[in-house]
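Construct all of the structure, not just a fragment, from the sequences and the given hints.
Residue numbers (the working numbering), protein chains in the order written: chain A, 26 to 227; chain B, 26 to 227.
If you are wondering where the hints come from, they were derived from the structure by calculation, not from laboratory data. Incorrect hints may appear among the rest.
One copy or two, it doesn't matter: identical chains are merged, so the pair holds either way.
Said to hold, decoys possible - Straight-line alpha carbon distances no greater than 20 Å define the calculated DMTMM-like cross-link-like pairs of lysine to aspartate or glutamate that follow: (1) K210 with E222; (2) K123 with E219; (3) K196 with E150; (4) K185 with E107; (5) K196 with D221.
Number of protein chains: 2
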Amino acid sequence: MPVENITEKAVTSDALDILFRQARTHISWLDKPVPDDVLRQIYDLMKWGPTSANCSPARILFLRTREAKERLRPALSPNNVEKTMQAPVTAILAYDLKFYEHLPRLFPNNPAARGWFSDSPQLAEATAFRNGSLQGGYFILAARGLGLDCGPMSGFDNAKVDQEFFPPTVKSNFLCNLGYGDPAKLFPRNPRLEFDEACQLL
Amino acid sequence: MPVENITEKAVTSDALDILFRQARTHISWLDKPVPDDVLRQIYDLMKWGPTSANCSPARILFLRTREAKERLRPALSPNNVEKTMQAPVTAILAYDLKFYEHLPRLFPNNPAARGWFSDSPQLAEATAFRNGSLQGGYFILAARGLGLDCGPMSGFDNAKVDQEFFPPTVKSNFLCNLGYGDPAKLFPRNPRLEFDEACQLL
Numbered sequence: 026m027p028v029e030n031i032t033e034k035a036v037t038s039d040a041l042d043i044l045f046r047q048a049r050t051h052i053s054w055l056d057k058p059v060p061d062d063v064l065r066q067i068y069d070l071m072k073w074g075p076t077s078a079n080c081s082p083a084r085i086l087f088l089r090t091r092e093a094k095e096r097l098r099p100a101l102s103p104n105n106v107e108k109t110m111q112a113p114v115t116a117i118l119a120y121d122l123k124f125y126e127h128l129p130r131l132f133p134n135n136p137a138a139r140g141w142f143s144d145s146p147q148l149a150e151a152t153a154f155r156n157g158s159l160q161g162g163y164f165i166l167a168a169r170g171l172g173l174d175c176g177p178m179s180g181f182d183n184a185k186v187d188q189e190f191f192p193p194t195v196k197s198n199f200l201c202n203l204g205y206g207d208p209a210k211l212f213p214r215n216p217r218l219e220f221d222e223a224c225q226l227l
Numbered sequence: 026m027p028v029e030n031i032t033e034k035a036v037t038s039d040a041l042d043i044l045f046r047q048a049r050t051h052i053s054w055l056d057k058p059v060p061d062d063v064l065r066q067i068y069d070l071m072k073w074g075p076t077s078a079n080c081s082p083a084r085i086l087f088l089r090t091r092e093a094k095e096r097l098r099p100a101l102s103p104n105n106v107e108k109t110m111q112a113p114v115t116a117i118l119a120y121d122l123k124f125y126e127h128l129p130r131l132f133p134n135n136p137a138a139r140g141w142f143s144d145s146p147q148l149a150e151a152t153a154f155r156n157g158s159l160q161g162g163y164f165i166l167a168a169r170g171l172g173l174d175c176g177p178m179s180g181f182d183n184a185k186v187d188q189e190f191f192p193p194t195v196k197s198n199f200l201c202n203l204g205y206g207d208p209a210k211l212f213p214r215n216p217r218l219e220f221d222e223a224c225q226l227l
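So, in structure tokens, the structure goes:
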């Protein structure tokens, strides 16, 4: 690629509005379903985001049915029940503590990689949590890129969700409602930290 | 917004290529600087990404000078030294364990929010790590959206970085080289898990 063309890789300002500047966390949902194919497209985008040694620890359950939502209901904080039950889809973002079993295939570059994690549960857990959360960021932006709105939430009982939905080696991380949000129901946007409060140039 | 227009929010397929499908983790950098203004633009996009109770725990140091890079060098894994020293900028992504001090301003919706975290160091740490990592995902995709290439890394001594760069209440998370990557130096891309290996529709 010629050097003079390298800035052609930037996306448009409209795309940055959709992904970041104009996107909002939604709490009320239009009566418009989310096709399963769109859920598959979210994964087929987010899976390409980088993780340490390509470890890819994120695991996702997409709850689309009334039955699945009812299994989640007892674990929800009271103020998260109504919006979650109303959302077309609620995703449970989780991470696999045994992600390293896939490393011989995902990271053939170094056959020792599996042992870095299988020999240290503490390193495996930190790696799964960090990279599973990174993948959560990719998930949210992939969903927005496909035209969906997101409503991510930490207000739930992780232990209850883990017991109801996962084997002991998979841990829930956060929830994310998905659908087409009702912009009339948004709260005013909260402020963010200024650059100089969060960043330094050294 | 009329319902028939809601899918106008999707970004183009070209943008999804730039952010996800064609983007690669780079290890060699063209001799093209990254202006400070672009670093500010990364933050001014990523800051809008959602975090729990708008807690915004990510803190970022942008190392642009030889002096700053030399402070980092002793903490790097041997195989990360050369590419990091060559990169125009290396960002240290960190998180502030005392993020809750900003909640009265960032999350005026509930004045009790500060106490949820100030009363529980364990919850504060998990929240900072989860949401600081989510913000790391926003950071990488914001940088790509602006036309940069990224080289994120976990291969370094966190304790050494913390001691050199941060007060005791701020913890390093991961590093990310930034610049314009040399596509000729890329390795072949590694595979990802299939949808049915990482996801379930319920």
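Cross-check of the supplied hints:
no.	hint	verdict
1	K210 with E222	neither (31 Å within a copy, 36 Å between copies)
2	K123 with E219	between (38 Å within a copy, 17 Å between copies)
3	K196 with E150	both (10 Å within a copy, 17 Å between copies)
4	K185 with E107	within (18 Å within a copy, 46 Å between copies)
5	K196 with D221	between (35 Å within a copy, 18 Å between copies)
When held up to the earlier numbered hints, the structure conflicts with hint 1 and nothing else.
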